[in-house]
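Student: Using the sequences provided together with the hints, build the complete structure.
So the sequence shown is numbered by this note's numbering: it starts at 1 and just counts up by one.
Wrong hints could be hidden among the right ones.
As the list claims (entries may be wrong) - Listed below are the simulated SDA-like cross-link pairs for lysine to any residue, each with C-alpha atoms no more than 25 angstroms apart in a straight line:
(1) 76 <-> 43
(2) 44 <-> 135
(3) 76 <-> 26
(4) 44 <-> 67
(5) 78 <-> 43
(6) 44 <-> 70
(7) 44 <-> 115
(8) 76 <-> 56
(9) 78 <-> 97
(10) 78 <-> 90
(11) 76 <-> 96
(12) 78 <-> 105
(13) 78 <-> 25
(14) 44 <-> 68
(15) 78 <-> 30
(16) 44 <-> 19
(17) 44 <-> 7
(18) 76 <-> 17
(19) 76 <-> 135
(20) 44 <-> 54
(21) 76 <-> 32
(22) 76 <-> 91
(23) 78 <-> 131
Because the hints were derived from the structure by calculation, they are not lab data.
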Amino acid sequence: MAGVCTPVSVVTAMDGDRPHGTTVSAFTSLSVSPPMVLVSLDRKSDLLPLVRDGGRFGLNVLGSDHAQLAGNFARKGKEKFADVSWRREHDLPRIAGAAGWVACTVTGLVDGGDHVIALGTVVAAETTATQPLTYHGRAFGTHRALDGSRI
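Tutor: Here is the structure:
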């Protein structure tokens, strides 16, 4: 699947007063009515119990200048937010400068092999003009429209 281009996001939740997050590349829009997304979380993720128990998650779609941030959130540890500018929005950690933001309530959790798919109903969303961070061929990059490709 390394040949498939995917968006890079940090899924977040609160652990009491402490923000927690993890990098994911398995996220997509699911439904327009009602607005829903899905995100795939590793069963070993420290975030999964917070999403399961808290019933909500934030989705910070990273911008093309966030490759280092994506790498930091992909590692284990409790201090991922140590040098990250963020704020609470809908009682979820929102990373400053993200290309997009989605706040969700969990409407379902589906087993998917070594991952759990969290289905989320969107309660708030915002995008910016920032180019998104993508992952393809085991490398970070971004999307650029081809001339004349708009449909």
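Student: Failing hints, ascending?
Tutor: 15, 21, 23
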